[in-house]
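Protein chains in written order, with our numbering: chain A, 1 to 149; chain B, 1 to 149.
Read the hints as simulated data drawn from the structure, not as lab findings.
As the structure is a prediction and not an experimental result, all values here were calculated from the model.
It is possible that some hints are incorrect.
The list cannot tell twin chains apart, which means a pair is met if one copy fits it or any two copies do.
Unchecked claim - Under the rule of at most 27 Å between Cα atoms (straight-line distance), these lysine-lysine pairs were calculated in the DSS-like manner:
1) K85 - K131
2) K92 - K148
3) K42 - K92
4) K85 - K58
5) K149 - K42
6) K42 - K131
7) K58 - K92
8) K42 - K58
9) K42 - K148
10) K92 - K104
11) K104 - K85
12) K79 - K42
Okay, here's what each chain looks like letter by letter:
Number of protein chains: 2
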Amino acid sequence: MIRFNRVPSLLWAAAVLAGTLLPLRSFADDQDVRDYRSHVMKSMGEQLAALNQIVTGKAPAADASVHAQALRITAGLAKVAFTEKVPGGESKPEVWARWDDFSKRLDDMVAAADDLARTARQGGVAAVAPKLNALGCQGCHGEYLVQKK
Amino acid sequence: MIRFNRVPSLLWAAAVLAGTLLPLRSFADDQDVRDYRSHVMKSMGEQLAALNQIVTGKAPAADASVHAQALRITAGLAKVAFTEKVPGGESKPEVWARWDDFSKRLDDMVAAADDLARTARQGGVAAVAPKLNALGCQGCHGEYLVQKK
Chain A
1 MIRFNRVPSL
11 LWAAAVLAGT
21 LLPLRSFADD
31 QDVRDYRSHV
41 MKSMGEQLAA
51 LNQIVTGKAP
61 AADASVHAQA
71 LRITAGLAKV
81 AFTEKVPGGE
91 SKPEVWARWD
101 DFSKRLDDMV
111 AAADDLARTA
121 RQGGVAAVAP
131 KLNALGCQGC
141 HGEYLVQKK
Chain B
1 MIRFNRVPSL
11 LWAAAVLAGT
21 LLPLRSFADD
31 QDVRDYRSHV
41 MKSMGEQLAA
51 LNQIVTGKAP
61 AADASVHAQA
71 LRITAGLAKV
81 AFTEKVPGGE
91 SKPEVWARWD
101 DFSKRLDDMV
111 AAADDLARTA
121 RQGGVAAVAP
131 KLNALGCQGC
141 HGEYLVQKK
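Isolated chain A (complex conformation) (with noise of 0.2 Å):
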């Protein structure tokens, strides 16, 4: 049986000050972080993909607004997603080996969600279609992304 009464108290309370002052983890547990980052850029890949099918014709242009703005919204959170150094799942080791360019890529991927969500809401779909490659999904996903077989 374990004696807690034997811990020496100025242990505790050096193990309550420790838990005080550690900044408080936003995420339980390793594969929280993974499941996390899963769940955002895949709501994002299944706006886009819905986009890519208003712009080629095959889905109600009047929904592209909609979809912009909801991928705008969200792109906001992949810093977020990606900031804790927890390889695996769909991401290779090179997204934190080179943090920088990874990084850069995300904010340039959330200041062209956020033009796209303008121009959807403004331009019509013509003037949407060229904005999707600017999200620079393929290039990113390229360096980063585990390929599946």
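Put chain B on the given structure of chain A with help from the hints.
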């Protein structure tokens, strides 16, 4: 060899007129309809999965409002995505056989998503948790989604 010039010109005129009067279909073909509703529902599913992580303390509480907002605006497209009667994909034929019920569930889900987004903006994570069930995902999927083996 088909001789187009044998088709009576009145018939051509009628066909052209019908094309003008028919509502322009938003989708190019039936598979586009299935793909589009899959993108709409899956993007919502990923946002909800992120929210479920958040309310169980597994992902950053600060992100709840963004996910709820993305879910809210996407929810408004579900009706568009299902209105065309195109069975297949993961939708049971009951979607259209019992359209009044299914359609009402979509309306209720949109209202619940509105309430969820408002709560997430104002009330913090503890207030969000009970609102996730109100979306009615499980009940509706039980009736209308083809269950994967």
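Copy assignment of K92 with K104, given that the CA separation must stay at most 27 Å: within (16 Å within a copy, 44 Å between copies)
Up to 27 Å CA-CA - K148 versus K42, copy category: both (15 Å within a copy, 20 Å between copies)
K104 and K85: within-copy, between-copy, both or neither at 27 Å Cα: So K104 and K85 pass the 27 Å test inside one copy only (16 Å; across, 44 Å).
Up to 27 Å CA-CA - K58 versus K85, copy category: between (39 Å within a copy, 16 Å between copies)
K149 and K42: within-copy, between-copy, both or neither at 27 Å Cα: both (18 Å within a copy, 22 Å between copies)
Intra- versus inter-copy proximity for K92 and K58 (alpha-carbon distance at most 27 Å): between (33 Å within a copy, 22 Å between copies)
Identical-chain pair category, K42 with K58, by Cα at 27 Å: both (21 Å within a copy, 18 Å between copies)
Within, between, both or neither: K92, K148 at alpha-carbon 27 Å: For K92 and K148, only the intra-copy Cα distance (12 Å) is at most 27 Å; the inter-copy one is 30 Å.
Same-copy or cross-copy closeness of K42 to K131 [CA-CA at most 27 Å]: both (19 Å within a copy, 23 Å between copies)
Homo-oligomer pair classification [K131, K85; C-alpha up to 27 Å]: Neither: 30 Å inside a copy, 32 Å across copies.
Status of K42 relative to K79 across identical chains (alpha carbons, at most 27 Å): both (14 Å within a copy, 22 Å between copies)
Intra/inter-copy verdict for K42 and K92 if alpha-carbon distance must be at most 27 Å: Classified as both; 16 Å inside a copy, 24 Å across copies.
The structure is inconsistent with hint 1 alone, although it conforms to all the rest.
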